[in-house]
Each structure stands twice: as C-alpha cells, then as structure tokens.
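Chains W and B, in that order, are what the protein sequence lines are. Residue numbering for the first sequence follows numbering that gives the first Met the number 0, beginning at 0 and increasing consecutively. Residue numbering for the second sequence follows numbering that gives the first Met the number 0, beginning at 0 and increasing consecutively.
No wet-lab data here; the hints were simulated from the structure. We put the CB at the ideal spot given by N, CA and C, even for glycine. One or more of the hints may lead you astray.
To be verified - Derived pair list, reagent style DSS-like, types lysine-lysine, alpha-carbon separation capped at 25 Å:
1) K39(W) with K248(B)
2) K13(W) with K248(B)
3) K158(B) with K292(B)
What the hints assert, rightly or not - Chain B regions said to be covered by chain W (calculated; three or more residues, Cβ under 8 Å):
4) 68-82
5) 193-204
6) 222-231
7) 278-285
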Amino acid sequence: MGGLTLPIVTDSLKSVIPVLLIFIVGAVVLELVTYFILSKVFRSRYVLPYTLLAPAAVGLAAFVGWPIIFNVIVAFSNWRLANLLNPSFGVGYFVNNIKAVFTGPLLNTPDSGFFIMFGRTILWTVVNLVFHVVGGMALALLLNRQMRLRGLYRTLLIVPWAIPQTIAALVWHGEFHQQYGFVNLMLARIGIQGPAWLSDGTWAFVAVCITNIWLGIPFMMVVILGGLQSIAGEYLEAAEIDGASWWQSFRNVTLPLLQPVIGPAVALGTIWTFNNINVIFLVTGGGPSEQTNILVTGLYNAAFGFSKYGFGAAFSLIIFAILFAIVAVWVRMSGALQGVYE
Amino acid sequence: MNTPTLAKPATSQQNWIRWLFFRTRGDSPFVRLLIHVVLIAACALAIYPVLRVFSVSLRPGDQLLSSSLAIIPANATWSNYVQLFTSQNFVLWVWNSAIVTLSVSVLGVTLAATSAYAFSRWKFPGRGAGLLFLLTTQMIPAGMVLIPIYLMLAWSGTKLHIPMINTYRGLLLAYSTTALPFSIWILKGYYDTVPIDLEQAAMIDGASQLGAFWQIILPLSTPALAIVFLFNFMGAWSEFLVAYRVMLKDTLWTWPLGLNAMQGQFQTQWGMYAAGSILIMIPIMLLFLYSSKWLISGLTIGSVKG
C-alpha cells in the first residue's frame with residue numbers, strides 16, 4: 000500500500016541497522032584509540048573529556064568544519080557554470096568576487112543590490128524579533144497565572160512551532176492568494192478589500208513577515224514562560240506590598256529577572272531570523288521581481304539560480320561576517336553568554 | 000514557584016461561568032474575562048491555518064478553489080486521502096523519513112550527551128575555542144554548506160567506494176552532525192545546573208566518573224535530553240535541501256521530496272497535498288505536545304542558574 004512493500008521494508012532495515020552498528024562501533028573504536036594515545040603517549044590530564052569529544056569532533060570536522068574551509072577556498076576562485084570542471088584560484092578572484100557583491104545587482108533586477116537587500120534583512124530581523132518578543136511576552140504573562148484551561152491554551156498556542164516549517168510556509172503561500180486565500184476572504188467579511196499580497200512588493204514583504212511572526216511567537220512564549228516560572232513569588236509580593244503598580248513591578252522586577260532568559264533567546268532568534276531561508280523562499284520565492292529577498296535568499300538564488308559558486312561563496316562569507324558582528328555586539332551588550340565559560 | 004491549591008467552587012453554584020472564572024488573588028472578574036477572550040483569540044489565530052489545511056484536504060476535486068470559509072466543506076470527502084494512499088508512494092516516503100529521523104535522533108542525542116558532559120565538567124585546553132566554534136556554526140547561511148556536503152558525499156562514493164548518494168547513511172551522517180552544535184549547547188547549559196557534589200558523592204561511594212555520569216547526570220537531565228531529541232527529530236523530519244541533493248531515487252525519497260514532487264506536477268494536486276500535510280503534521284505535533292512539559296524547563300533552566 001502506498002508504495003511500501005514487505006521487501007522494501009526488510010531491505011531498508013537491512014541497510015540501516017548495520018549502518019547504525021558501524022557508527023556505534025566506529026565511535027567506540029575512536030574513543031578507545033583517543034584514550035590510549037592520550038593516556039599512554041601524552042599522559043594528558045584531560046584524557047576523559049577529549050575521549051568523550053572524539054566522535055563528535057570527527058563528525059563536526061567533516062560536516063561542519065570542512066564545508067567552512069571549502070567555502071573560503073571557493074571564495075578565492077572564479078568557479079561558475081562556465082568552468083565547472085576547471086576553476087582557477089587566486090587572490091585576484093577573491094577581490095573581484097567581493098567587489099561584485101558590493102557593486103553590481105546581485106540578481107536580475109535593479110532592486111537586488113547588496114545594500115537594498117542588507118537594509119531589508121535588517122528590517123526583516125527587527126520587525127520579526129520585536130513581534131516575537133512582544134507577542135511571546137504578552138502571551139507568557141497571560142498564561143503565567145492560575146486559571147482554567149491554561150494547559151489547553153498553552154498547548155494550542157504551541158501549534159505553529161510544532162508544524163514542519165516547510166508545510167507551514169507553503170500553507171501561508173496558498174492562503175495569501177488574492178481571491179481564494181483565507182486572509183482576503185476574512186478581510187472581505189469585515190468589508191475590507193484585501194491587497195494582491197504576492198504580486199505587490201510591499202504587501203509581499205508584509206506577507207512574509209506575518210508568516211514568520213506567526214511561526215516564531217511560540218518559541219519566545221515558551222522561553223519567557225519558563226523564565227517567569229523561575230521568578231520566585233516573593234519578589235513580586237514585596238513589590239506589591241511596597242505599593243508598586245503593575246507596570247512598575249513588571250518594569251523593575253520581572254524584566255530584570257527575565258534578562259538571563261531573554262538575552263540568549265534574542266541572540267538565537269536573531270540568528271534564526273537573519274538566516275531564515277525557508278519562509279521567504281517558499282512564500283514569495285524572493286519575488287515579485289526580487290523585492291522580498293533578504294541576504295540569504297538572495298545568496299541562494301544567486302549561487303544556485305545563476306550557478307555562480309565563487310561569487311556565492313564570497314557573498315556567504317560577507318553575510319556570515321555581518322551576522323557574527325551583530326551577534327557579538329548583542330552578546331556584549333546584554334551579557335547573554337555570561338557564565339557559559341565558567 | 001509556590002502554587003496555592005485551586006479553590007473548589009461551591010457545589011451548589013457550580014456552573015461553567017464560575018468554573019471558568021474561579022477566584023484568584025488580584026484579578027477582577029472583568030480582567031479575567033478579558034484574559035480568556037484574548038487567549039481564545041490568540042489560540043484561534045494559532046490553529047486556524049491548520050484547520051484550513053484540513054478543510055482543503057476534505058474538499059472534492061472540483062471545489063479546491065472555493066471562497067468558502069467553512070472548516071468542513073460542503074460535500075466533504077476522504078477521497079484525497081484514499082488517492083494519496085493508492086496513487087502515490089506516500090507510505091513509502093513516510094517510512095523512509097521515519098527510519099532516517101529516528102536513527103538521526105538516537106545518534107544525535109548520544110553524541111551530544113557525551114560531548115556536552117566533557118564541555119560541562121572539565122576546563123580542558125581548547126574548551127573556550129570549541130564552544131565559540133559551536134556557537135559560530137549556527138550563524139552560517141544554509142546555502143553555504145550545501146555544495147561542500149554534496150561534493151564530500153559524492154567523493155566518498157567515487158574515491159572511497161563507500162557510496163553515500165542514494166543511501167540512508169549519507170543523510171544520517173549529514174543530519175546527525177549538523178544538529179550537534181545546538182544540541183551540545185542546550186545539554187551543556189543544563190548539565191551546568193546539576194551540582195557537581197552529586198557526582199563526587201557517587202564517586203566517593205566507588206562509582207567511576209562515567210558511572211556517575213550514567214547513573215546521576217543523565218537521569219537528572221531528562222528534560223534537556225527530551226528537548227535535544229525533539230530538535231533533532233524535527234530538523235531531520237522536515238529537512239528538504241540536503242535530501243533533495245542526496246536521495247535521487249524516488250524509492251528513497253523522504254516525505255518532503257514526495258510532497259514537493261506532487262506540487263510540481265502539471266496541476267498541483269492541492270487536495271492530496273493538503274491531505275499529506277495533515278497526516279505528516281499529526282505525529283510530529285503529538286510528539287511535540289507530549290514533550291511540551293519538558294520544553295519549558297529544558298530550554299530555560301540552562302540559562303537561569305541558581
């Protein structure tokens with residue numbers, strides 16, 4: 000039924016179970032070798048931690064470390080579709096690639112210059128995070144009290160997070176249809192003529208923002224709710240006894256105590272939103288005429304749509320550098336990672 | 000948090016309004032009503048798009064484009080579901096996804112649980128650099144790693160004679176390693192909150208360091224382990240870009256590839272697509288909601304110490 004037959008089931012199990020066993024045996028062998036070398040040859044004090052880290056380190060080196068190095072190498076080349084099999088490398092190519100990012104249009108329309116997309120990325124990140132944090136905070140505050148149906152509300156509010164992002168984005172793509180999408184049908188019910196969401200640049204950007212805000216609020220809500228629950232009731236009681244208004248105790252007691260939770264969550268949210276390729280890619284595809292591209296979707300379209308790999312690699316390094324700088328400043332300012340290195 | 004027990008409403012006056020608005024300190028009835036209204040509206044916003052997909056999946060083929068807002072459409076039919084099972088390899092796709100996802104989650108949690116312990120309990124040389132590296136990897140644009148990962152998997156087949164393209168193991172390796180940094184961070188933060196005295200006590204009683212880890216730290220870290228399992232599961236369950244390059248044979252497709260192919264056919268089979276989405280959402284949503292009791296503590300305890 001549905002293409003699944005007994006031979007297929009047994010075949011796939013036969014191929015997956017040995018693989019899992021090989022991975023496990025391989026990891027153990029790796030650990031034993033590391034242990035032996037470190038303890039007998041180097042007589043290290045840190046035999047155990049290095050041994051524990053060995054399998055993960057090898058996996059990370061291959062699938063995370065190597066791609067980064069590869070990317071840096073490719074950025075120093077003129078690799079593109081025309082010379083797929085014999086690219087040349089050199090510092091000159093790197094300079095050209097970087098120059099190309101900042102000067103020419105990155106895609107086919109004049110609207111796709113680097114600085115336009117950069118500005119749009121910042122706007123996209125800020126709008127999304129503000130709504131995520133404010134919405135998540137509001138819902139968390141409402142849920143953080145004794146009341147009936149609290150568990151039900153919390154469960155339903157998590158739903159957008161629980162749906163696979165690809166499906167959610169495609170669903171919203173359909174629902175922004177001018178004629179048959181529920182957004183405009185609802186607006187029509189209250190007497191508003193809905194816009195042509197996906198064929199107007201500004202409205203398309205609003206549409207992708209709505210989609211991503213809908214997707215991202217539950218994460219912030221859960222994180223902030225966890226933070227609120229860890230605040231001891233005595234602080235708020237003391238504030239109340241001192242005659243503090245709701246706003247005063249929120250501003251002076253709750254918010255500062257939430258900071259260790261919100262700081263890292265905002266850092267993580269910034270990274271996820273800045274680099275979010277799925278939502279824009281599936282809701283608008285960067286269109287109409289590239290007016291909703293942020294840097295990462297522009298990168299994907301430039302690197303794969305136009306097969307300019309050397310240029311794409313240099314572009315991705317620039318995006319990475321910008322994001323790294325933003326997160327570094329945020330971490331400094333908010334103290335988001337205090338205590339991590341202790 | 001100190002939780003006073005719920006006041007039981009007097010039995011004589013037990014109606015649903017009283018039940019809903021049982022008295023707590025502070026809020027007036029009006030405020031309580033307002034809170035319920037706001038929360039109900041928020042819940043409606045959260046689940047309405049899902050209900051819409053369900054609604055589309057029940058529509059007969061000639062009414063897929065309709066301006067009705069009803070959740071249960073006129074002439075509702077299960078035919079999209081039946082067609083999905085008979086005319087498409089849907090079950091096979093879900094089976095492939097399930098195999099890959101479960102293996103990835105188990106591998107990912109095992110690898111992360113042990114390496115996070117090393118980061119949490121020892122100040123070995125390279126620790127700070129390692130943690131920074133893990134954090135930095137989260138900032139890499141997804142498009143940037145796609146080509147090198149593909150080339151490496153292809154290279155393994157042609158040069159090492161260990162084919163990775165069109166195999167489960169290729170996906171397993173790619174997924175379980177790329178999810179590692181985030182998993183290690185979450186677990187390391189959680190281990191940090193478990194007092195080291197507990198292990199020392201166990202070790203005085205004769206347990207080895209690893210024995211103490213196995214018997215004390217791991218059981219205490221259930222919430223964080225659950226979160227990491229969930230994140231690995233969700234990531235692998237709906238991953239598209241890597242699978243698209245690795246699983247070229249349609250008998251090996253995971254469900255995102257299958258649904259994508261369905262969308263690319265001459266006329267998008269929107270009804271079947273919706274039916275497939277609903278069936279795929281159900282297990283992941285159940286898993287998610289089941290583990291939501293750990294979600295709150297598992298995610299935040301690592302960052303609020305004390």
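Problem - Hint check against the structure, violated hint numbers in rising order - result: 1, 3, 4, 5 and 6
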